[in-house]
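For the protein sequence lines, the chains are G and R, in the order given. Number 247 in the working numbering belongs to position 247 of the first sequence; there are no gaps in the numbering. Number 347 in the working numbering belongs to position 15 of the second sequence; there are no gaps in the numbering.
Do not take every clue at face value.
Claimed, not checked - Think about it this way: if two alpha-carbon atoms lie no more than 20 Å apart in a straight line, the pair counts; the simulated PhoX-like pairs of lysine-lysine are:
| id | chain 1 | residue 1 | chain 2 | residue 2 |
| --- | --- | --- | --- | --- |
| 1 | R | Lys367 | R | Lys423 |
| 2 | G | Lys128 | G | Lys212 |
| 3 | R | Lys367 | G | Lys128 |
| 4 | G | Lys212 | R | Lys423 |
| 5 | R | Lys423 | G | Lys319 |
| 6 | G | Lys319 | G | Lys212 |
Quick caveat, the hints were computed from the structure, so don't treat them as lab data.
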Amino acid sequence: MSHPIPTRVALDALPAVRGRRLGVDGTVTVLLLLAAAACPPLFHQFEDQFWPNLLNRAMILAIAASSLNLLVGLGGLVSFGHAVYLGIGAYAVGIAAASGISDGLTQLAIAVLASAGFALLSGVVALKTRGTHFIMLTMAFAQMAYFLMVGLRQYGGDDGLTLDSRSLFPAPIDLENAATMYYATLVLLAAIVLFGACLKASRFGLIVMASKGSERRVRTQGFNPVPYRLALYVAAGMLCGIAGFLQANLSTFITPAMMSWTQSGELLFMIILGGTGAIAGPLLGALLFVLIQELLGSITSYWTLYFGFGLVAVALYGKGGLMGQIMRGGPR
Amino acid sequence: MNIALVVSQIVNGVQFALVLFLLAAGLSLVFGIMKFINLAHGVFYMAGAYIGATVAVSTGSFLLAIVAAVLGTFALGLLLEVLVIRHLYHKDELDHVLATFGLLLSADAAVRGIWGSVALSIPLPDWLNGRLVFAGIDLPLYRAVIVGAGLCVAAVLWFVITRTRVGITVRAAASNAVMAQALGIDARRVFLLLFGAGAALAGFAGILIGPITGATVGMGDQIVILAFVVIIIGGVGSVRGAFIGALAIGLIDTLGRAFLPGLLDTTLPHAFASAAGPALASVLIYLIMSIVLLVRPAGLFPPANR
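I would like the entire structure built from these sequences, with the hints used as guidance.
Here you go:
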């Protein structure tokens with residue numbers, strides 16, 4: 001090899017190769033987002049509260065799941081404590097509001113920064129490990145935050161915290177309006193999906209993906225994957241913090257249960273059901289999860305019995321998730 | 333603070349530690365040998381309590397309840413291993429956590445369906461219901477019984493693992509599964525029986541704790557995380573590590589909750605201490621786990637030959 005750094009040339013050439021696969025994935029993503037934008041007018045301008053609210057929840061979960069998929073799909077870092085950032089984002093709103101800060105942008109900044117701080121501190125420790133240990137460490141750190149909030153009586157403790165009003169934003173944006181809340185979520189979701197797609201195609205993304213495949217080879221090429229992984233971990237935490245901010249505003253009620261480890265398990269289920277290899281995967285997974293929960297929940301109060309069996313089935317037989325199936329069937 | 337209170341809190345801590353140990357020992361072996369994360373391990377703990385409660389109420393015999401709980405969870409463990417767990421070993425850890433998380437959700441729902449969502453209480457026979465009084469210290473007898481039973485199981489486990497043929501097989505599989513198989517050990521059978529034994533230990537823990545906490549839906553979901561913390565600290569795959577880790581976590585957690593808020597109150601402003609005390613006490617063990625991992629990533633007592 002006469003070229004000084006041959007890998008970098010190879011890396012630059014790669015997005016073109018991968019571009020073909022992005023075709024199906026990208027199309028499904030855009031279709032899902034467009035459908036989300038078109039849905040509310042179909043439901044008579046938010047007169048029917050049920051479905052827009054359900055979809056809004058699905059979109060917030062899609063943001064959280066997309067951020068988790070950056071870790072799992074891109075970096076191979078299976079976090080079982082990702083819901084902690086939903087809680088941190090939500091409590092940032094709740095605690096700020098309780099301390100008299102109702103400005104939305106400030107609250108959002110607090111949510112994102114607090115998530116980044118938690119991700120940085122826990123990431124430094126957790127990323128020293130791989131695989132099973134990483135799973136359990138992320139879970140343990142999430143439990144730590146969970147019990148912290150259960151212990152803090154002044155912020156509701158176990159009973160949770162009720163918001164008097166949603167976050168305040170400058171004039172045209174009024175989150176109290178259901179349509180504004182809905183489209184604000186959609187815009188943020190689209191932005192985060194786009195960010196994920198750019199990250200996947202970037203050199204940063206390639207290094208992270210390569211070190212998922214073989215850390216040793218990446219090191220041999222002269223890259224130290226550790227700071228890349230940490231940056232990815234922090235970025236995923238910040239994005240999920242945004243989802244927490246939105247979740248707090250949608251439900252105006254915050255409990256420690258938002259960051260319980262079962263919630264983290266549900267996020268993992270979403271991305272695996274949808275497919276970790278695709279950008280549309282988490283969107284599809286979040287939508288299906290909310291629908292399953294709502295439909296099964298309305299049929300039987302023991303819906304988690306069947307949901308649990310579904311999880312086992314997905315783990316045993318689900319290869320690449322729904323998007324994996326779609327992309328395998330579609331043009332390559 | 334008076335001595336009697338400290339002693340009784342230490343006994344509470346040791347009792348909690350031994351329950352944790354019963355859970356962590358099985359979890360650690362399954363995790364260490366099969367590289368399998370079983371989030372549903374707490375299901376056996378819950379099942380032990382429910383089976384025990386049913387038998388104790390219908391027969392009136394607590395000893396029979398213990399036998400039924402141990403045998404029942406052993407059988408449940410074997411069944412789950414054959415039906416589900418066995419097909420997951422060769423998959424990656426993401427599938428492990430997803431499937432066992434699913435089992436846990438299903439099991440919680442099933443228990444709610446069979447026994448209802450109201451907690452079941454497990455009556456203690458009179459001979460276990462007394463109090464232990466000596467030197468001004470007054471303890472419930474049953475807590476001492478749990479400590480004794482836990483220590484007995486720990487001793488039996490230690491004997492089986494270090495002094496018997498079964499034990500050497502398990503240790504061989506734990507330190508190098510491939511080599512153990514090459515030497516003619518039937519890994520499939522070892523895995524099956526080990527999974528069942530781990531389930532039975534958890535079931536035993538469940539029926540032991542049942543008379544104190546009652547049998548409730550999801551009672552294993554939180555404590556299994558603590559059991560994971562125990563084996564991370566102790567070193568995965570090591571029963572000795574699980575024992576010492578469980579003692580450390582049980583004592584630190586119990587004593588931290590009991591005395592840390594008061595201790596902070598004497599050194600820090602009251603308003604801050606009353607807010608931070610309970611919160612700090614509840615995250616204490618996770619802080620300690622982080623420190624242990626930073627210093628010794630493989631845990632304090634990892635098995636040899638890794």
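Hints and how they fare:
1. R:Lys367 / R:Lys423: Between lysine 367 (chain R) and lysine 423 (chain R) the Cα gap is close to 10 Å, so the pair holds against 20 Å.
2. G:Lys128 / G:Lys212: Holds, because 14 Å separates the two Cα atoms, which is no more than 20 Å.
3. R:Lys367 / G:Lys128: Holds, because 18 Å separates the two Cα atoms, which is no more than 20 Å.
4. G:Lys212 / R:Lys423: holds (16 Å)
5. R:Lys423 / G:Lys319: OK: lysine 423 (chain R) and lysine 319 (chain G) at ~11 Å, within 20 Å.
6. G:Lys319 / G:Lys212: Judged against 20 Å, a Cα distance of about 18 Å means the pair holds.
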